[in-house]
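Turn these sequences into a full structure, and let the hints steer you where they fit.
Chains as they are written, first to last, in this note's numbering: chain A, 1 to 207; chain B, 1 to 137.
If you're looking for bench data, these hints aren't it; they were derived computationally from the structure. Model, not experiment: these values are computed from the prediction. Be aware that a few hints might be false.
Unchecked claim - Between beta-carbon pairs, the in silico distance windows are:
1) A:Gln45 x B:His35: 55 to 61 angstroms
2) B:Asp67 x A:Glu118: 22 to 28 angstroms
3) A:Glu85 x B:Ser115: 40 to 46 angstroms
4) B:Asp113 x A:Lys102: 54 to 60 angstroms
5) A:Met42 x B:Pro33: 29 to 35 angstroms
6) B:Pro33 x A:Pro76: 32 to 38 angstroms
7) A:Glu41 x B:Ser73: 37 to 43 angstroms
8) B:Glu26 x A:Lys102: 21 to 27 angstroms
9) A:Lys110 x B:Thr70: 36 to 42 angstroms
10) A:Gln45 x B:Asp82: 24 to 30 angstroms
Unchecked claim - Below, simulated DSS-like cross-link-like pairs (lysine-lysine); rule was C-alpha separation at most 30 angstroms, straight line:
11) B:Lys112 x A:Lys102
12) A:Lys121 x A:Lys102
13) B:Lys53 x A:Lys63
14) B:Lys53 x A:Lys102
15) B:Lys53 x A:Lys125
16) A:Lys121 x A:Lys105
17) B:Lys12 x A:Lys164
18) A:Lys119 x A:Lys159
19) B:Lys12 x A:Lys119
20) A:Lys164 x B:Lys54
21) A:Lys110 x B:Lys112
22) B:Lys112 x A:Lys121
23) A:Lys125 x A:Lys109
24) A:Lys109 x B:Lys11
25) A:Lys63 x B:Lys12
26) B:Lys54 x A:Lys102
27) A:Lys105 x B:Lys54
28) A:Lys109 x B:Lys112
29) A:Lys102 x B:Lys11
30) A:Lys109 x B:Lys54
31) A:Lys159 x B:Lys53
Here a beta-carbon is modelled for each residue, glycine too, at the ideal position from N, C-alpha and C.
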Amino acid sequence: MSVSQLSPADAPSGGDRRKGSRVEILPKFIPTPERLSQYLEMNIQEVALSLQSVDGRRLLFNKLMEHEQDLRNIDPAFNPDFLNEQLELAGEVLRQKDRFLKDVKSPEKKGLFARAWEKMKSFGKGHPFVSAILLLALIAGGTALALYATGNLELAATKLGLGKVFGAADAAGEMMPPVPGSPLPPGAGELAVPPPAQPIPGAGGPI
Amino acid sequence: MNTLYLTGEEKKAFGALPAELQEGWEVVVEAVPSHDDIQHRSMRLHLVHLHDKKLMSIVERARTLTDVGTLVSLVSGSDLSDVNDADLAELCFAIGPIPLTRIIREFLSQAKDDSDIEGIQSLATVRHSLISAAFSA
Chain A
1 MSVSQLSPAD
11 APSGGDRRKG
21 SRVEILPKFI
31 PTPERLSQYL
41 EMNIQEVALS
51 LQSVDGRRLL
61 FNKLMEHEQD
71 LRNIDPAFNP
81 DFLNEQLELA
91 GEVLRQKDRF
101 LKDVKSPEKK
111 GLFARAWEKM
121 KSFGKGHPFV
131 SAILLLALIA
141 GGTALALYAT
151 GNLELAATKL
161 GLGKVFGAAD
171 AAGEMMPPVP
181 GSPLPPGAGE
191 LAVPPPAQPI
201 PGAGGPI
Chain B
1 MNTLYLTGEE
11 KKAFGALPAE
21 LQEGWEVVVE
31 AVPSHDDIQH
41 RSMRLHLVHL
51 HDKKLMSIVE
61 RARTLTDVGT
71 LVSLVSGSDL
81 SDVNDADLAE
91 LCFAIGPIPL
101 TRIIREFLSQ
111 AKDDSDIEGI
121 QSLATVRHSL
131 ISAAFSA
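Put into structure tokens, the structure is as follows:
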């Protein structure tokens, strides 16, 4: 699904730039634990924990707003309300992820999931579409993909034969975020905070 | 008996398979949400945390590509055979239950032997856990 296909309620706050008949989608500041940790010079575990509580999110929001002008420089459509919503959403999703990973690693289910992962790893030759779906979603979720424009990811999904699996549904629309996150800067951090020694590609930070 | 968490529609498809493929499985009906809103899906993808060097390398290479054909080659030339379990869990959480449901439906339409049913069970087990995690308080 492209930005142009989103309903007004679904559409992110800005982020698209019309270019002829195509829509170039601009990265947004997504408050993942890794980015917040980097920008605010806080421990990543502390950030992840803060995201999961109301008081913690308020603290993060206030700290980010001390850098409002910097945030506006990297995202001209920056909106404090949208940031607040994103912080709340990040907290909710982190709690869900925490529950899922705890279930997967629980002693009573560890064996069951170990067999499930082994089975999924064996799908490669007989069912290559499974790898294709997971990898394409991973790539789309990574930051600042040069190909992140309307049509490109949909075309890649079609060329990979995913149309058959997704039927009438839009494969790219069911898997990929409408807006990429802002890239990790190569030099100083976006808020003039030095980046970590070894930035982790595609990482949103541990929980 | 092994448990298979399937939707009502999947249960019907499973029931249409040859009897020998159904032997030994107990189907428990799963309610899969019909909609995954863009905001949650987007955030899940942004929160992926990788450990696997192979996957990190794929993402890094993909970032620099400017041609769809090269992206397709990169994806189709890669597989998950030696990816670590933790990263598979990350990927499954990121895509969520709806694409997994599409994959399960495809598997059911192609199932020919016990190995295929075990594949369906693997996917359905992961999906069940994802749904439980999303809806438990």
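Could you work out which of the previously given hints the structure breaks and list their numbers from low to high? Going through the list in order, the structure violates hints 1, 2, 4, 11, 13 and 25 and respects the others.
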